[in-house]
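2 protein chains.
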Amino acid sequence: MKIGYLGPEGSYSYTAAKCYAPQGTLISMRGFREIIQGVENGTIEEGILPIENSTEGAVTQTMDALMETVDSKIKGELVLQIRHNLLSLGESIGEINYVASHPQALEQCREFLATHYPHAVLIPSESSSAACQMIKEKDQASAYAAIANSWAGENNGLKTLCKDIQDNKNNQTRFIIIGIEDTITTGNDKTSIAFSFHEDYPGSLYGILREFAQEKINLTRVESRPAKAELGKYIFYIDFNGHGEDQKCKSVLERIRKEVNKFKIFGSYPIGRVY
Amino acid sequence: MKIGYLGPEGSYSYTAAKCYAPQGTLISMRGFREIIQGVENGTIEEGILPIENSTEGAVTQTMDALMETVDSKIKGELVLQIRHNLLSLGESIGEINYVASHPQALEQCREFLATHYPHAVLIPSESSSAACQMIKEKDQASAYAAIANSWAGENNGLKTLCKDIQDNKNNQTRFIIIGIEDTITTGNDKTSIAFSFHEDYPGSLYGILREFAQEKINLTRVESRPAKAELGKYIFYIDFNGHGEDQKCKSVLERIRKEVNKFKIFGSYPIGRVY
Chain A
1 MKIGYLGPEG
11 SYSYTAAKCY
21 APQGTLISMR
31 GFREIIQGVE
41 NGTIEEGILP
51 IENSTEGAVT
61 QTMDALMETV
71 DSKIKGELVL
81 QIRHNLLSLG
91 ESIGEINYVA
101 SHPQALEQCR
111 EFLATHYPHA
121 VLIPSESSSA
131 ACQMIKEKDQ
141 ASAYAAIANS
151 WAGENNGLKT
161 LCKDIQDNKN
171 NQTRFIIIGI
181 EDTITTGNDK
191 TSIAFSFHED
201 YPGSLYGILR
211 EFAQEKINLT
221 RVESRPAKAE
231 LGKYIFYIDF
241 NGHGEDQKCK
251 SVLERIRKEV
261 NKFKIFGSYP
271 IGRVY
Chain B
1 MKIGYLGPEG
11 SYSYTAAKCY
21 APQGTLISMR
31 GFREIIQGVE
41 NGTIEEGILP
51 IENSTEGAVT
61 QTMDALMETV
71 DSKIKGELVL
81 QIRHNLLSLG
91 ESIGEINYVA
101 SHPQALEQCR
111 EFLATHYPHA
121 VLIPSESSSA
131 ACQMIKEKDQ
141 ASAYAAIANS
151 WAGENNGLKT
161 LCKDIQDNKN
171 NQTRFIIIGI
181 EDTITTGNDK
191 TSIAFSFHED
201 YPGSLYGILR
211 EFAQEKINLT
221 RVESRPAKAE
231 LGKYIFYIDF
241 NGHGEDQKCK
251 SVLERIRKEV
261 NKFKIFGSYP
271 IGRVY
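In order, the protein sequences belong to chains A and B.
Mapping of the first sequence onto full-length UniProt numbering: position 257 corresponds to residue 257, and the numbering continues sequentially without gaps.
Mapping of the second sequence onto full-length UniProt numbering: position 159 corresponds to residue 159, and the numbering continues sequentially without gaps.
The hints are simulated quantities; they were obtained by calculation from the structure and are not laboratory data.
Among these hints, one or two may not hold up.
Identical chains share a label here; the pair holds if one copy fits it or two copies do between them.
Calculated lysine-lysine pairs in the PhoX-like style (CA-CA distance at most 25 Å, straight line) [said to hold, decoys possible]:
# : residue 1 : residue 2
1 : Lys18     : Lys169
2 : Lys258    : Lys216
3 : Lys163    : Lys258
4 : Lys233    : Lys75
5 : Lys228    : Lys258
6 : Lys216    : Lys233
7 : Lys248    : Lys264
8 : Lys169    : Lys262
9 : Lys264    : Lys138
Turn these sequences into a full structure, and let the hints steer you where they fit.
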C-alpha cells in the first residue's frame, strides 16, 4: 500500500508512517495539500498528516487543508512521542553559534536554547532533515547544530551532542490517516467535524455544544480557525467520542447540520494508540 | 511614552505601534516574552503584540506568553490592514528563484506563490525585514525576492515587483496593547479571559458558554491552546463584549471562576479601530 507523508525521509511524519504501516510503501510528498490530492486522485491510497502537538497546538495547515477535501476522509489516527536531539558535525557543545531546524522544533526547544545557547542565532528551515543537510555544508560546520530526531542524525552522519532536549518531556504529536473508504463502528471511535455560523450571535457555539452535552457525548477537542473572510469570523473544529453511524451521534449530527452554515464531517475512526 | 514592539524597525508590529502612538518612543524588542517582561519591570510603559490574523489565525506565541503575565494586562487593541509586496534588487519578475520572508507572510501569499512561482524555493526568515536584508547580500541578488511591507522595501532600497500579493485581500491582524494600569468602562469594551478544567467531562466547556449565553453576552472569540501537559488537555481563551467591571460581566466571571481550575482575566479594554 502506498502512503504519502510530508517528506523528506526521516521527518517525524516519516517516523509516524513507519509506525502506522511498517510494510507500506512510503511516498515522500511536498505538502499537506499534495497528500490530500494524492489520496483523492488515487496516486496514493492513504496519507498521514500531523494534526496537533501537545506543546504547539493545532497544525493549522492540516486543519485548513481538511476543509478542501472532497472524497477523502479521516480513517484513523495515531500519537507519536516526539524526541528532539541536538546534532552537529563537531563534537563540542560549547562551540555552537547557530541552531537550525523546523520553526516548530525550535519553538519546542525554546527553554533549552534560551538556557544553554542564549546568544545562538536560530535558523528556521523547511524541515528538521533539511536543517541537518544544511549544517553539514557550512564552512565552520562545528559552529552549527541542527535539532532533529535520531534517524535524521544517523542518516546525515551527525553526532548527537544532547538527547531529548524538548522542553516538554511529554511532547506528543497526533497524526491522522486520510483514505477514501468509509469506516465501520468499532465501539471505540472518534468523529471529527467542522462548522461555521451564518451570523455570530450570543450563544451560537453554545447551542452546538448543548447538543453534545445533552446526549452526554464527550468532546475531545474544540478548536477554531479563521474563516479567512474577516476578523471575527471563525470555523469551529470539534472531535468527539463516538462513530458518526452510532444512533446517538447520528441524530446529534443531523440536528447540528440544521443550526449551522457550513458543515463538514471529516470522518469517524478508531481511537489511536501512542507510539 | 516608551512602547515595545517586535522588531526590527519596519515590521508589521512597528507599523501597528506607529498607528497606535505616532508620537511614542518605539523600542524594538526581540520577542513577545521580552515585551511583556519589559512592561512588568518598568523598562517600557506599554507593549504591542499581534494576537490574531484573519488568515493565519491565532498568534500562538502571544497567547502562550499572556499566560505568564503577573501585573500587566491588556489595555487596548487595534486592527491593522496587512499588505504584502514582492520586493527585489532586480527588476524582472521572471528571474525569481528564491522567495524569503517570515513563515506567516509566506503562508499568507501561498496561492500567489503557487501560481506565479511554483518552483521557487521558499526561505523562512526571522522577520520580513530580515528577509529584505538577507536577499540584498546574495551574489545573484536578482534571483531573490522578499515579501514585506512597503516600509521595509523603501528602507532597504528594494524595488516593488508586485503589490498587495496577499491571497486574502482582507488580510488583517489584531494587535493588543499591554500595560500596567486598570482601565475603566467606556460602554464599548471587550474582555479577554482564559481557563482550564480540573477534569474533562462531557459539557465542561458547554457549562461556561451557558453562563455567557444566559446573560446574552456575545463572545467575539473562542480559542483553545494545549495546556502543554499531555494531548487532550487544553486552555480555553475567550473574548467577550463588555467590561469586567460591568455588573453583568462581573457576576458571570465570578460564577465561572468557581467552575474551572486555572482562571485568568487578561484585561478589559475599549474595542479598537481598524488602521
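Earlier hints that do not hold, by number
Numbers 3 and 9, in rising order.
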